Amino acid sequence: MSTKIQVEHLARVEGHGGISVELDDGAISSVRFDIYEGPRLLEGLVRGRSYEDISQILSRICSICSVAHSLTSLKATENALDVKVTPQTELLRDLLSRGESIQSHALHLFCLAAPDYLDYPSVTALAADHPDAVKLGLRMKKLGNTIQETLGGRAVHPINAKLGGFGKLPSVESLVTLREALLQGVADSEATLKLLASLPPAEFCHTDTVFAALSSPVNHGYYAGDEIIVSSNGHRQSVPAAAYRSLSNEQAVPGSHAKHSQFKGKPFMVGSLARLSVNTQGLTERARLAMGELGLRLPSNNPMDNNKAQAVELVHDVHYGLAMVDRLLREGIKQEGCVPVRPKAGTGTGVTEAPRGLLVHSYTYDEEGRITAADVITPTAFNAASIENHFRFTVEQSATKDVLVLRKKLEMVARAYDPCISCSVHLLQRRG
Amino acid sequence: MSKPTVGLFGLTGCAGDQLVILNCEDQLLDLVNALDIRDFLMASSANDTSCELDLALVEGAVLSKRDEEKLQRIRARSKALMALGTCAVWGGVAALNPQADRAKLLEEIYGAQGAEYDSLPPRALREVVKVDLNLTGCPIEKEQFLSAVSSLLNGDLPIFPEYPVCTECKMFENNCLLIEKSEVCCGPMTVAGCDARCPTMGIACVGCRGPVGEANIPSVLAMFGEKGFPRERIAAKLRTFAPVPGDHS
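Which chain is which? The protein sequence lines are A and B, in order.
Residue 275 in numbering that gives the first Met the number 0 sits at position 276 of the first sequence, with consecutive numbering throughout.
Residue 51 in numbering that gives the first Met the number 0 sits at position 52 of the second sequence, with consecutive numbering throughout.
Hints are not guaranteed to be accurate.
A few chain B residues facing chain A, derived, Cβ under 7 Å [stated by the list, open to error]:
(1) Leu28
(2) Ser43
(3) Asp66
(4) Val92
(5) Gln98
(6) Leu104
(7) Ser146
(8) Ser150
(9) Leu152
(10) Met222
(11) Phe228
Restricting the straight-line Cα-Cα distance to at most 25 Å, the calculated cross-link-like pairs of lysine-lysine (PhoX-like) are [stated by the list, open to error]:
(12) A/Lys167 / B/Lys180
(13) B/Lys141 / A/Lys343
(14) B/Lys180 / A/Lys134
(15) A/Lys343 / A/Lys83
Hint data in this document are derived by calculation from the structure and do not stem from the laboratory.
The structure displayed is predicted, hence computed values, not measured ones.
Just so you know, even glycine gets a beta-carbon here, dropped at the ideal spot from N, CA and C.
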């Protein structure tokens, strides 16, 4: 007898995707995380465009990760053109990316994931019974957007981060306002932790998981660095950014535009839980304690822990973000211009952490600064194989094979990855 | 009066315009109280996918047969349809090079399998169905969206700017990036409504809101020519987010 567990339109995620698992006499015959986005072909369409235009075009791959796409794009182009930005630019980009992560994690935890745990269809339905929890989530979300607006000039598709630096540096007044918002954020992050700790446990599958994240041992950040760590059962392996292709043996999959990434034949998970696994030592003291309060033990073998990991990062980022703003106010903003950028032939790779995981942009330019090749690999493309792997274990380890129960479990597993499906259609370009 | 029934939908794009709506943190709870939101897949798992809608808000461009059929179904059940964002209004970045050989790109990017993908040349919503209102921007501006919804709730048609970004730039007394700094700024040809965000931060306008109806294109092109900007660079830049009016090349 064959059974099909299908979620035709996965709700409360970014983009359009679905789930389908088929069982034959209780044994799994097919597992699919389907992607229904039309191919936009942006990596191909930008060919021939000037180095000056690329970050503004490719940030449009995704809205929720638009800061990450912009900054990764700038990093790739700056590497290709041998541009080294100032420490202040690095610091402001780091803070900007923390703003993005706060917004994205708050949106995901409160508006997309929390309704599952409390059995509501949406955040607005949740608001009717739990208005304070929803208002808390919206305040955290707004804090992230305030950081993005202050430094990036816009909450979605930032404009102010440009090649070599920033268009306009933040004023002291705007930093003081930001500081007040972050102080409120510190208090709100405590309430967020309490709320997350009170949610019912979600344990649908347990399995050894391989994690990959950008190494950030000092301050657990998203922007700086160019070494990727693959971590498996405590064993760590280093992959330089320029060798990102070893993280991906591109397999096109029927019915999906996501090509599946594997490292040495194993799927791996990217995102908050991967970052915590790789960069635990970079967490602030408060965030480290938060792990214990949420019952999060590393290495984790439960993909649902990604939700807890996002909460830990929220705590870390408001604390660390506040320290960064204090430092900027104490030391003052240097009124420096952008580092000059001149076209030349070259290849450059930029790797950062988007809120939902590792993001790679890699470009080649000709001597006049026109782009001749662009590769973009997004977190959800990296995660696709791991998501399907966890779907499989969820069905296998479930005591009941009731279709409705399994549907809800699979949806929650997919959502825990915080998938960004618009992103996931942008994949490796085939070479050779 | 009963609350208007509303659906929010995304075709192919980045979901940035739906995100702008979710980013209205201070107004979101009032907004959902003023409207009867029946279908909003990005925010809810309990949607009525067939009821009649007073207003459909649709973002993204039509890039596949799936998008086309979805849009036709939305149109058939909606009294009014508003296109949200530059992709829906103009085609957006996915349409930046209409001459590109898409079959070749599909194969290059996705391999032999690319040929099987559901892919159509990008189209704005109005090229597929009747569109009642166009709210442009990449992404849309929060204030413009909220004021458009308020107008509709009061039985009025929303008013959108019909002048170029330069007008807003002058109101902010910004130095002109085009005239004074010789940067390729698309402000003179781009419709306002963003409070000249980019030039105000010292960044040249990239034209993300699409063209303004009243642009004096020959005079702007002449000015670009005087500045010595290479012709193909200007053409590519101006066509990034939307077609240039009167340009059929």
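Hint by hint, here is what the structure shows:
1. Among the interface hints, the one on B/Leu28 holds; its C-beta lies about 6 Å from the nearest C-beta in chain A, closer than the 7 Å criterion.
2. With a cut of 7 Å, the hint placing B/Ser43 at the interface with chain A holds, because the nearest CB-to-CB distance is about 3 Å.
3. Given hint, B/Asp66 at the interface with chain A, holds; its Cβ is 6 Å from that chain's nearest Cβ, closer than 7 Å.
4. The beta carbon of B/Val92 is positioned within 7 Å of a beta carbon in chain A (closest approach about 5 Å), and the interface hint is therefore held.
5. Residue-level restraint check for B/Gln98 is violated (minimum Cβ-Cβ distance to chain A is 10 Å; threshold 7 Å).
6. For B/Leu104, the interface hint holds, since its Cβ comes within 7 Å of a Cβ in chain A; the closest pair sits about 4 Å apart.
7. Here the hint on B/Ser146 is broken, as its CB sits about 18 Å from the closest CB of chain A, past 7 Å.
8. The beta carbon of B/Ser150 comes no nearer than 22 Å to any beta carbon in chain A, farther than 7 Å, and the hint placing it at the interface is violated.
9. Residue-level restraint check for B/Leu152 is violated (minimum Cβ-Cβ distance to chain A is 17 Å; threshold 7 Å).
10. For B/Met222, the shortest C-beta to C-beta distance to chain A is roughly 19 Å, which exceeds 7 Å, and the interface hint is violated.
11. Look at B/Phe228: its Cβ only gets to about 11 Å from chain A, farther than 7 Å, so that hint breaks.
12. Restraint check for A/Lys167 and B/Lys180: the C-alpha separation of about 15 Å stays at or below 25 Å, so the hint holds.
13. Straight-line distance between C-alpha atoms of B/Lys141 and A/Lys343 comes to about 39 Å, which puts the hinted pair past the 25 Å bound.
14. With a C-alpha separation of about 45 Å, the suggested pair B/Lys180 and A/Lys134 falls outside the 25 Å cut-off, and the hint is violated.
15. Distance hint between A/Lys343 and A/Lys83 is fulfilled; the C-alpha atoms sit about 15 Å from each other, no more than 25 Å.
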